[in-house]
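Colleague: Take the two lone chains, each set in its own frame, and fit them into one complex as the hints suggest.
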Amino acid sequence: QYFIKRVQTTKGMASLLEPFVNQTISVLTNDGRNLVGKLRGFDQLVNVILEGSHERVYSPEGVEKINLGLCIVRGDNVSVVGLVDIELDKKIDFSKLRAEPLKPVVH
Amino acid sequence: FRSSSRILSIFQYLKMLFYSFFKSLVGKEIIVELKSDLCIKGTLHSVDQYLNIKLKDITVVDAERFPHMISVQNCFIRGSVVRYVQLPASEVNVQLLQDSSRVEARELKKK
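Chains D and P, in that order, are what the protein sequence lines are.
The first sequence begins at 1 in the working numbering and counts up by one.
The second sequence begins at 1001 in the working numbering and counts up by one.
Looking at chain P on its own, in the form it has when it is part of the complex (with noise of 0.2 Å):
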């Protein structure tokens, strides 16, 4: 029982490491692409633990063949249905990402 939990906190810790990494992208343009395919260009607006997205201004790459959010602008993505999150280069720090996952992946050995 008491393994059961600290697993479950094991979870919970290493999706704030990701949660902290897109809050530190709010403001800036990415394209979530959804599992079925869809790919949303949009400004990230906010993120929650789940890793929900809720992007502003969107608009959908390849818009031809996906006029059904023609009249969205603002809209919320549920974080399990997102396959990848394509983010500026430049906007992310490599380094630092390394640094916190190798500390994290301490913290949870600790654990």
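Isolated chain D, as found in the complex (with noise of 0.2 Å):
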């Protein structure tokens, strides 16, 4: 059955963020840029609240590492929230790492 029953559901975005709360996220902006940092909150508009964090940035040159400390991320301008397993983020050599920075977001 695709029918549900006709109940304004008030769940919203809330409950699928939830789990990610005070772990270290990857956040992939419109713009392409990624954002590593602890979620510390977000609302319904998937707004983030990152702490302790740096974006980096990856090029044919190589990855840079830059320090934001405490932001705020407006929801507007989320694609992607990722879960970041942190061995195996540990494992990561950014020194060899090359790569095209991402595209951004065309609607």
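If you are wondering where the hints come from, they were derived from the structure by calculation, not from laboratory data.
Hints are supplied without guarantee of correctness; some may be wrong.
As the list claims (entries may be wrong) - A few chain D residues that face chain P, going by a derived Cβ cut-off under 7 Å, partial list only: (1) Ile49; (2) Gly69; (3) Val73; (4) Asn77; (5) Ser79; (6) Val80; (7) Val81.
Unchecked claim - With a cut-off of at most 20 Å between alpha-carbon atoms, the simulated SDA-like pairs for lysine to any residue come out as follows: (8) Lys65/D <-> Ile1070/P; (9) Lys91/D <-> Ser1071/P; (10) Lys103/D <-> Gly1079/P; (11) Lys103/D <-> Lys1041/P; (12) Lys1035/P <-> Ser1020/P; (13) Lys1056/P <-> Asp89/D; (14) Lys1023/P <-> Ser1080/P; (15) Lys103/D <-> Ser1100/P; (16) Lys1041/P <-> Leu1017/P; (17) Lys91/D <-> Val1060/P; (18) Lys96/D <-> Lys1056/P; (19) Lys1023/P <-> Ser15/D; (20) Lys96/D <-> Ser1071/P; (21) Lys90/D <-> Ser1090/P; (22) Lys103/D <-> Val1085/P; (23) Lys1035/P <-> Lys91/D; (24) Lys91/D <-> Ile1070/P; (25) Lys96/D <-> Gly1079/P; (26) Lys38/D <-> Ser59/D.
Unchecked claim - Example chain D residues on the side facing chain P (calculated, C-beta under 8 Å, incomplete): (27) Asn34; (28) Gly41; (29) Ile66; (30) Gly82; (31) Val84; (32) Asp85; (33) Leu88.
Glycine included, each C-beta is placed from N, C-alpha and C at the ideal position.
Modeller: In structure tokens, the structure reads:
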């Protein structure tokens, strides 16, 4: 059955991001940036609060890390929120990593 | 004023059909193509009314070009950035989907 009860779901987006709170996450933004930090808060509009965050800038020359600290990312601009596996992340050799920067989101 | 609120409720009703459709696909493997051309394959874990998608055990298609998600296994994808969702054809009951869409359209016309 593809029908559901005619009840307004008030669940919203909140519950989907809840398991990620206080964990290290990787945020992909609409302009193609990658921010990594600890998810401290979020809301229905997917505004996201990142603590101890840094931006990973990928280029054919290598990866650059820019420290940002505590920041809020406006939900409009969030495309993906990924849960980072810290063990896997530690294994990455950033000095050898070469990649094109991510493409921006085009609506 | 009343007509604009009616239009709003119509949109909400329309979204319920695909929300239900995606809920029936939870646990299946899908590939989400984003508007930034990134393609993420994973198991559909959950979906919400905005069609935000949560995927488990993801792999990025063409991972060599996109090492950005290498340490990520579970992710949340905002509905607004999804371009396509590739589904296993065997999991979709096309007849049921067509019938449901027809009924939805009829309901909307009544409103």
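Colleague: Take the hints in turn and mark each one as holding or not.
Modeller: Right, here's what the structure says about each hint:
Residue-level restraint check for Ile49/D is violated (minimum Cβ-Cβ distance to chain P is 15 Å; threshold 7 Å). Checking Gly69/D against chain P: minimum C-beta separation of about 21 Å lies over 7 Å; hint violated. For Val73/D, the shortest C-beta to C-beta distance to chain P is roughly 11 Å, which exceeds 7 Å, and the interface hint is violated. Of the supplied interface hints, the one on Asn77/D is violated, with its beta-carbon coming no nearer than about 9 Å to a beta-carbon of chain P, more than 7 Å.
Annotation: Ser79/D was flagged as interfacial toward chain P, and the flag holds, the nearest CB pair being 4 Å apart, inside 7 Å. Interface hint at Val80/D: satisfied, since its Cβ lies 5 Å from the closest Cβ of chain P, which is below the 7 Å cut-off. Hint status for Val81/D relative to chain P: holds, with the closest Cβ pair at about 4 Å, below 7 Å. Proposed proximity of Lys65/D and Ile1070/P is supported: the alpha carbons are some 16 Å apart, at most 20 Å.
Simply put, Lys91/D and Ser1071/P have alpha-carbon atoms about 9 Å apart, close enough for the 20 Å limit, and the pair holds. A C-alpha spacing of about 18 Å is found between Lys103/D and Gly1079/P, which places the hinted pair at or below 20 Å, so the restraint holds. Annotation: proposed proximity of Lys103/D to Lys1041/P holds, straight-line Cα distance about 18 Å (limit 20 Å). In summary, the hint linking Lys1035/P to Ser1020/P is not supported, as the alpha carbons are separated by about 23 Å, beyond the 20 Å threshold.
As the CA atoms of Lys1056/P and Asp89/D are separated by approximately 17 Å, the hinted pair is consistent with the 20 Å bound. Our distance criterion of 20 Å between C-alpha atoms is met by Lys1023/P and Ser1080/P, whose separation comes to about 18 Å. Taking the CA atoms of Lys103/D and Ser1100/P, the gap is near 37 Å; set against the 20 Å cutoff, the hint is violated. Distance restraint check for Lys1041/P and Leu1017/P: the Cα-Cα separation of roughly 23 Å exceeds the 20 Å cut-off, and the hinted pair is therefore not satisfied.
For the hint pairing Lys91/D with Val1060/P, the CA-to-CA distance comes to about 18 Å; that is within 20 Å, so the pair holds. Between Lys96/D and Lys1056/P the alpha-carbon distance is near 28 Å, which puts this suggested pair outside the 20 Å criterion. Proximity of Lys1023/P to Ser15/D is assessed by CA-CA distance (about 15 Å); at most 20 Å being required, the pair is judged to hold. This hinted pair checks out: Lys96/D and Ser1071/P have alpha carbons roughly 16 Å apart, not beyond 20 Å.
For the hint pairing Lys90/D with Ser1090/P, the CA-to-CA distance comes to about 39 Å; that exceeds 20 Å, so the pair is violated. As the CA atoms of Lys103/D and Val1085/P are separated by approximately 19 Å, the hinted pair is consistent with the 20 Å bound. Of the pairs offered as hints, the one joining Lys1035/P and Lys91/D is violated, with about 30 Å between alpha carbons and a cut-off of 20 Å exceeded. Restraint check: the Cα-Cα separation between Lys91/D and Ile1070/P comes to about 10 Å, which is no more than 20 Å; the hinted pair holds.
Our distance criterion of 20 Å between C-alpha atoms is broken by Lys96/D and Gly1079/P, whose separation comes to about 33 Å. Among the hinted pairs, Lys38/D with Ser59/D is inconsistent with the structure: their alpha-carbon atoms are about 24 Å apart, more than 20 Å. Restraint check, Asn34/D versus chain P: the minimum CB separation of about 5 Å is within 8 Å; hint holds. The restraint placing Gly41/D at the interface with chain P is violated, with a minimum CB-CB distance near 15 Å, outside the 8 Å limit.
Look at Ile66/D: its Cβ only gets to about 15 Å from chain P, farther than 8 Å, so that hint breaks. Taking 8 Å as the C-beta contact cut-off toward chain P, the hint placing Gly82/D at the interface holds, the least distance being around 3 Å. Contact between Val84/D and chain P, as hinted, is supported at the beta carbon level, the nearest pair being about 5 Å apart and thus within 8 Å. Satisfaction of the interface hint for Asp85/D is found here, the shortest Cβ-Cβ separation to chain P being roughly 5 Å, below the 8 Å cut-off.
Taking 8 Å as the C-beta contact cut-off toward chain P, the hint placing Leu88/D at the interface holds, the least distance being around 4 Å.
Going through the hint list in order, the structure does not satisfy hints 1, 2, 3, 4, 12, 15, 16, 18, 21, 23, 25, 26, 28, 29.
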